[in-house]
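Number of protein chains: 4
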Amino acid sequence: MKYQEHIAIADLSISAIGEGRSLSPYVAKCLNVFTQAGLRTNIHALGTNIEGPLPKVLSCIETCHNILHEDGVARIISNIRLTTRTDRMQSIEEKINAVSSKVTP
Amino acid sequence: MKYQEHIAIADLSISAIGEGRSLSPYVAKCLNVFTQAGLRTNIHALGTNIEGPLPKVLSCIETCHNILHEDGVARIISNIRLTTRTDRMQSIEEKINAVSSKVTP
Amino acid sequence: MKYQEHIAIADLSISAIGEGRSLSPYVAKCLNVFTQAGLRTNIHALGTNIEGPLPKVLSCIETCHNILHEDGVARIISNIRLTTRTDRMQSIEEKINAVSSKVTP
Amino acid sequence: MKYQEHIAIADLSISAIGEGRSLSPYVAKCLNVFTQAGLRTNIHALGTNIEGPLPKVLSCIETCHNILHEDGVARIISNIRLTTRTDRMQSIEEKINAVSSKVTP
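Chains as they are written, first to last, in the numbering used here: chain A, 1 to 105; chain B, 1 to 105; chain C, 1 to 105; chain D, 1 to 105.
Keep in mind that the hints were calculated from the coordinates and are not lab data.
No residue lacks a Cβ here, since even glycine has one placed at the ideal position from N, Cα and C.
Certain hints may be false.
Output of the computed footprint for chain A on chain D, the stretches with three or more beta carbons under 8 Å from beta carbons of chain A [what the hints assert, rightly or not]: (1) 46-60; (2) 75-88.
Quick list of in silico lysine-lysine cross-link-like pairs, DSS-like style, CA-CA up to 25 Å [stated by the list, open to error]: (3) Lys56(D) - Lys29(C); (4) Lys56(A) - Lys29(A); (5) Lys56(B) - Lys56(C); (6) Lys56(A) - Lys56(D); (7) Lys102(C) - Lys56(D).
Isolated chain A, as found in the complex (with noise of 0.2 Å):
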């Protein structure tokens, strides 16, 4: 069974537990990870939009999840959102457009 693939926008927030109080050190190497395989990324106060085919932000997410256990974090805690469609295609853009088109002035 062979599956088309489908683009997501998926939205990570990695948390590493029992480390110091900082994450953005930990958020700044996921981010190459997410450049480095050439996905579109957007960050935010509180996690990175990553844009992309499926399989590639899914197997992106579970090397950020690796790198860090060999940068020597125990135990790390993510939220992911991930969001796919298939009547459209629309980019981290458009749907940050797609809001601000309708807020009240």
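Mind docking chains B, C and D on chain A? Use the hints.
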């Protein structure tokens, strides 16, 4: 028992279930709720960052559910990330800059 | 503007950042907050289901952040799923049974 | 670069957007995906715990999106909590017991 009021940064992803495929009108309405309450916001592809006092942030999220139900949405599922810290204040912009400054060029 | 009070089912995953690797003591304290408030709960491997009136559920989540900070936790990140519906009531057990009854044996 | 395969505990909450109000048929289909892949599961009111090797867990989540799209669902939003740790193994049951044993009677 009375607690100190903590500043929170939240991130809301709200979905209407059983309505149309477009969620942006609902997201835009919620954005107005936060803005009118004087909370700082930042929209991204899969949610809205919200910054302000914890009780006010949660009360506005409650209002978001209420106004969508008033609009006729029968079922709502939200995903909320919520962070508070007592060691120092960190705004939406400071959190984004903390990551950006660590990314390998 | 006064809204009808909706019954919510929430799911809380709470993490202390920069403390030890074990999160279960914090989860247990939060469980007590919900129980003492008369809310129904159900724990699972990555969170706690909570059932009750929406304002009370959110107020208890606020209390969870407050008591962990009082206990000396400097940084907290929660992930909350929150659902409300106006078409019918559905308890924690009914939601679990709705899935179980549809699983292919 | 090859990483050690980590055991993950994930929690999946999957929503079909723009379809009916009942999500339990979709949750049940996903549960079958995990079971058929030999992964251990535990359903609760707002999601499904899944235990197994990280690559297999993520690959099954990808399959869940694929089969729902094949079934005609045009838009899917998932929320995934994902935890891995290298200091020790902890099963779904052990995680639940770790909390239960700390609750004040």
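Going down the list of hints, with the structure as the test:
Residue count for the segment 46-60 of chain D with a Cβ under 8 Å from a Cβ of chain A: 4. That meets the three needed, and the coverage hint holds. Coverage of the segment 75-88 of chain D by chain A holds [criterion: at least 3 residues with CB-CB distance below 8 Å; count 13]. At most 25 Å may separate the alpha-carbon atoms for a hinted pair to count; Lys56(D) and Lys29(C) exceed this at roughly 33 Å. Note on Lys56(A) and Lys29(A): the hinted pairing holds, with a Cα-Cα distance of about 17 Å set against a maximum of 25 Å.
For the suggested pair Lys56(B) and Lys56(C), the alpha carbons sit about 14 Å apart, so the restraint of at most 25 Å is met. Pair hint Lys56(A) plus Lys56(D) holds up; C-alpha atoms about 14 Å apart against a cutoff of 25 Å. With a C-alpha separation of about 24 Å, the suggested pairing of Lys102(C) with Lys56(D) holds against the 25 Å cut-off.
When held up to the earlier numbered hints, the structure conflicts with hint 3 and nothing else.
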